[in-house]
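Please work from the sequences and hints to get the whole structure.
Protein chains: 2
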Amino acid sequence: MWVVKREKQVFVLRLGHRPFRDKRVTSHVGLVARAFGADGLVISVEDAAVSCSIGDVVERWGGDFSVSVEQDWRGYLKRWKGLVVHLTMYGLPLDDVISDVQSVTGDVLVVVGAEKVPPEVYKRADFNVAVGSQPHSEIAALALFLDRLFKGGGLRKDFEGKTRIIPSANGKFALSD
Amino acid sequence: MWVVKREKQVFVLRLGHRPFRDKRVTSHVGLVARAFGADGLVISVEDAAVSCSIGDVVERWGGDFSVSVEQDWRGYLKRWKGLVVHLTMYGLPLDDVISDVQSVTGDVLVVVGAEKVPPEVYKRADFNVAVGSQPHSEIAALALFLDRLFKGGGLRKDFEGKTRIIPSANGKFALSD
Chain A
168 MWVVKREKQV
178 FVLRLGHRPF
188 RDKRVTSHVG
198 LVARAFGADG
208 LVISVEDAAV
218 SCSIGDVVER
228 WGGDFSVSVE
238 QDWRGYLKRW
248 KGLVVHLTMY
258 GLPLDDVISD
268 VQSVTGDVLV
278 VVGAEKVPPE
288 VYKRADFNVA
298 VGSQPHSEIA
308 ALALFLDRLF
318 KGGGLRKDFE
328 GKTRIIPSAN
338 GKFALSD
Chain B
168 MWVVKREKQV
178 FVLRLGHRPF
188 RDKRVTSHVG
198 LVARAFGADG
208 LVISVEDAAV
218 SCSIGDVVER
228 WGGDFSVSVE
238 QDWRGYLKRW
248 KGLVVHLTMY
258 GLPLDDVISD
268 VQSVTGDVLV
278 VVGAEKVPPE
288 VYKRADFNVA
298 VGSQPHSEIA
308 ALALFLDRLF
318 KGGGLRKDFE
328 GKTRIIPSAN
338 GKFALSD
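In the order they appear, the protein sequences are chains A and B. So in the numbering used here, the last spot in the first sequence is 344, and the numbers never skip. So in the numbering used here, the last spot in the second sequence is 344, and the numbers never skip.
Watch out, some of these pointers could steer you wrong.
One copy or any two copies: either way a pair holds, since identical chains are not told apart in the list.
Computed cross-link-like contacts, PhoX-like style, restricted to lysine-lysine with a CA-CA straight-line distance of at most 20 angstroms [stated by the list, open to error]:
| id | residue 1 | residue 2 |
| --- | --- | --- |
| 1 | K245 | K290 |
| 2 | K318 | K339 |
| 3 | K339 | K248 |
| 4 | K318 | K190 |
| 5 | K290 | K329 |
| 6 | K248 | K329 |
| 7 | K339 | K283 |
| 8 | K339 | K329 |
| 9 | K339 | K290 |
| 10 | K175 | K248 |
| 11 | K248 | K283 |
| 12 | K283 | K318 |
| 13 | K290 | K248 |
| 14 | K175 | K318 |
| 15 | K324 | K175 |
| 16 | K175 | K329 |
| 17 | K175 | K290 |
Simulated from the structure, these hints should not be mistaken for laboratory data. In this text the structure is predicted, and so the values were computed from the model without any measurement.
In structure tokens:
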């Protein structure tokens, strides 16, 4: 019998999504998660617009990225067997803790909040990580965290999609199946 | 006479901002520009909500970040004397070109689009840079570009604001003047 070693899987849990206000920001969170090498987005509030916009990108641009809804996010966090990393500007500096995060084997759940995140999340997290201690954007924080986690390799992932860009110095070139 | 060597200044030009649709995304672009070490945001369409939300952060959290409006963004691009870097997923990979960008002395204007960016911007840019060739977010692209440009130093900038966070493993601590 062959035992295939499963690679580390990384999921992003988006808390506190408010459909009217956060549609575009949560879509960006999902697209960044996919583009920088994560395996799926979990949102705690159903929003067809977010699922569809990310689903359309996956259909056209490739990869196995999933979007799922977990209304009982507290139960989901409780059941999660891997590492929990909460991105918050109040946490410890990214560059100080990333090697500790990398050294833990198993899957990683990255938690990013929209509105105020309840104190229990700070306690449940194995790491509260600050991508800078200044207010900016959960989208940027997620991108930087995944970039460091995968040592810059997330951006070089090959998605083998129907559409692929041919990098160019000053034009727009893409191939489509 | 002493000649004081002025450090490289970096501004971000946000094109195609649509006030109703892009308010939050453009605010995130501005806050990321500030937090990752840029000196100012230039928007081509006036939007008091964006200027105020970024202004409030500067007032409380410190730094010299500016927000200005240049409706004639074509003229602004024409008059810009430093380097122009346009972030687009159709460009050349970030990690392939960043050392060339760093090696050029003088100020840098980073252009990030909202809606479709006109072909003339691709032509005017000294570098069209792709932060990954997958669709994701101009917020994430800007964060990664500035992080690489400043070799990770942007995140360590000290803003000396009225409010400062004390990094913590699992709590929320801040000092306020």
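Tested hints:
| no. | hint | result |
| --- | --- | --- |
| 1 | K245 - K290 | within (12 angstroms within a copy, 52 angstroms between copies) |
| 2 | K318 - K339 | neither (28 angstroms within a copy, 28 angstroms between copies) |
| 3 | K339 - K248 | neither (43 angstroms within a copy, 25 angstroms between copies) |
| 4 | K318 - K190 | neither (29 angstroms within a copy, 32 angstroms between copies) |
| 5 | K290 - K329 | neither (43 angstroms within a copy, 28 angstroms between copies) |
| 6 | K248 - K329 | neither (34 angstroms within a copy, 40 angstroms between copies) |
| 7 | K339 - K283 | between (40 angstroms within a copy, 12 angstroms between copies) |
| 8 | K339 - K329 | within (16 angstroms within a copy, 45 angstroms between copies) |
| 9 | K339 - K290 | between (47 angstroms within a copy, 11 angstroms between copies) |
| 10 | K175 - K248 | within (12 angstroms within a copy, 47 angstroms between copies) |
| 11 | K248 - K283 | neither (25 angstroms within a copy, 43 angstroms between copies) |
| 12 | K283 - K318 | neither (30 angstroms within a copy, 31 angstroms between copies) |
| 13 | K290 - K248 | within (16 angstroms within a copy, 50 angstroms between copies) |
| 14 | K175 - K318 | within (14 angstroms within a copy, 27 angstroms between copies) |
| 15 | K324 - K175 | within (15 angstroms within a copy, 32 angstroms between copies) |
| 16 | K175 - K329 | neither (26 angstroms within a copy, 41 angstroms between copies) |
| 17 | K175 - K290 | neither (23 angstroms within a copy, 41 angstroms between copies) |
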